[in-house]
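We have chain A already, so just place chain B on it with the hints.
There are 2 protein chains.
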Amino acid sequence: MRVKVYLAGPEVFLPNAAEIQKLKAELARAAGFTPLVPGDLEIPPAPTKHQRGLAIYAVDEGMMLAADIIIANLTPFRGISADVGTVFELGFMCGHSKHVYAYTNTSRSYYERILHDHYGGKAGLRLDGRMAGPDGLSIEDFDMADNLMLDGGVLRREGRLVQREVPEADRLTDLQAFKECLAIAAKRHLA
Amino acid sequence: MRVKVYLAGPEVFLPNAAEIQKLKAELARAAGFTPLVPGDLEIPPAPTKHQRGLAIYAVDEGMMLAADIIIANLTPFRGISADVGTVFELGFMCGHSKHVYAYTNTSRSYYERILHDHYGGKAGLRLDGRMAGPDGLSIEDFDMADNLMLDGGVLRREGRLVQREVPEADRLTDLQAFKECLAIAAKRHLA
Numbered sequence: 001m002r003v004k005v006y007l008a009g010p011e012v013f014l015p016n017a018a019e020i021q022k023l024k025a026e027l028a029r030a031a032g033f034t035p036l037v038p039g040d041l042e043i044p045p046a047p048t049k050h051q052r053g054l055a056i057y058a059v060d061e062g063m064m065l066a067a068d069i070i071i072a073n074l075t076p077f078r079g080i081s082a083d084v085g086t087v088f089e090l091g092f093m094c095g096h097s098k099h100v101y102a103y104t105n106t107s108r109s110y111y112e113r114i115l116h117d118h119y120g121g122k123a124g125l126r127l128d129g130r131m132a133g134p135d136g137l138s139i140e141d142f143d144m145a146d147n148l149m150l151d152g153g154v155l156r157r158e159g160r161l162v163q164r165e166v167p168e169a170d171r172l173t174d175l176q177a178f179k180e181c182l183a184i185a186a187k188r189h190l191a
Numbered sequence: 001m002r003v004k005v006y007l008a009g010p011e012v013f014l015p016n017a018a019e020i021q022k023l024k025a026e027l028a029r030a031a032g033f034t035p036l037v038p039g040d041l042e043i044p045p046a047p048t049k050h051q052r053g054l055a056i057y058a059v060d061e062g063m064m065l066a067a068d069i070i071i072a073n074l075t076p077f078r079g080i081s082a083d084v085g086t087v088f089e090l091g092f093m094c095g096h097s098k099h100v101y102a103y104t105n106t107s108r109s110y111y112e113r114i115l116h117d118h119y120g121g122k123a124g125l126r127l128d129g130r131m132a133g134p135d136g137l138s139i140e141d142f143d144m145a146d147n148l149m150l151d152g153g154v155l156r157r158e159g160r161l162v163q164r165e166v167p168e169a170d171r172l173t174d175l176q177a178f179k180e181c182l183a184i185a186a187k188r189h190l191a
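Residue numbers (the numbering used here), protein chains in the order written: chain A, 1 to 191; chain B, 1 to 191.
So here's chain A without its partners, still in its complex pose (with noise of 0.2 Å):
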């Protein structure tokens, strides 16, 4: 039986979504896999927004169900972290025990996002000793990707988390870094 690979990632709003999709199934296609991606199916229609999302909702988690393996986009997405859909699908398939690899197109640490890019470089230390933003709030350090909830759930399960710097203008559609978490699974899952 051929491996399923779910393909997560903020692509969906991209303005060539479509086409950047169809790239990154070609290329697991290519890599000996079966790839799930999101929108790929028909979603049947609904009288309401709501019901809409809903039904979208049901049609993607029907794919992870049935995948074996995913592959999560965290390049952060509208602000210093990753896109929370995608950061929902690697959770889903961590609790459903599935195989996890991830990747993010920036090898800026979350601690260094937070600190300049959030807060402009303006912290300093809080009375408990860690590291706060002038809105008092705690500024992770654990030399990770992104909020240890994220980078944990990938190792602790022996997954993958391939970081890799990449000009902003590319940021959102490179996919050399796809391609590693492609090998790194095929060796893996396809030996």
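No wet-lab data here; the hints were simulated from the structure. Check the hints yourself; a few may be wrong.
Pulled a few chain B residues facing chain A out of the computed Cβ check, cut under 8 Å [unchecked claim]:
1) Pro45
2) Arg52
3) Asp60
4) Gly79
5) Phe88
6) Phe92
7) Gly95
8) Asn147
9) Met149
10) Arg171
11) Leu175
12) Ala191
Covered stretches of chain B (chain A as the covering partner; in silico rule of three or more C-beta atoms under 8 Å from a C-beta of chain A) [unchecked claim]:
13) 12 to 19
14) 25 to 35
15) 152 to 160
Lysine-lysine pairs mimicking DSBU-like chemistry, simulated, CA-CA at most 30 Å apart [to be verified]:
16) A:Lys49 to A:Lys179
17) A:Lys22 to A:Lys49
18) A:Lys49 to B:Lys122
19) A:Lys122 to B:Lys49
Note that the Cβ used here is the ideal one computed from N, Cα and C, for glycine as well.
Frame of chain A, contents of chain B only:
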């Protein structure tokens, strides 16, 4: 046997984290549950920051596996979406077929937050007919509290997502919506 509830949220980053978490745990106990609170257990010493992060993850995952229910605080955190650590935990519990409840201390939709808070109201129709920001990224419009995977994950398993408008100064600490989640969960699981 007592029903165990995992209390997820960005409270861990607050200057008064211990105090708020203690309060949430007391409220959960008063409602009849056994609370499991991230950060409540001793974290074993670790030689590097990265390994310490992984050790915290391991403790938190253990608590999630032991819990029957999650109540996740999805109030926007350092941006337009929920804290990604909490989102991972919500996904994990959905993937593990636990009971899920969530709340957010804003009644503004995800669509409004992307459009106004992230893009400053500057958005327009893309060639494919979708609303998008000046960067070309499409804006989700499903009358939902956050990304559709979060609302969808909660509602698909008959959980509840309580939305309540709280003034900004109290948004990360107000516990009224948390109490509503506790009351709903108690009625269902402690009857």
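Right, here's what the structure says about each hint:
no. : hint                : verdict
1   : Pro45               : violated (14 Å)
2   : Arg52               : holds (6 Å)
3   : Asp60               : holds (7 Å)
4   : Gly79               : holds (4 Å)
5   : Phe88               : holds (4 Å)
6   : Phe92               : holds (4 Å)
7   : Gly95               : holds (3 Å)
8   : Asn147              : holds (4 Å)
9   : Met149              : holds (4 Å)
10  : Arg171              : violated (11 Å)
11  : Leu175              : violated (18 Å)
12  : Ala191              : violated (26 Å)
13  : 12 to 19            : holds (count 5)
14  : 25 to 35            : violated (count 0)
15  : 152 to 160          : holds (count 4)
16  : A:Lys49 to A:Lys179 : violated (35 Å)
17  : A:Lys22 to A:Lys49  : holds (26 Å)
18  : A:Lys49 to B:Lys122 : holds (22 Å)
19  : A:Lys122 to B:Lys49 : holds (22 Å)
Hint violations for this structure: numbers 1, 10, 11, 12, 14, 16, all remaining hints satisfied.
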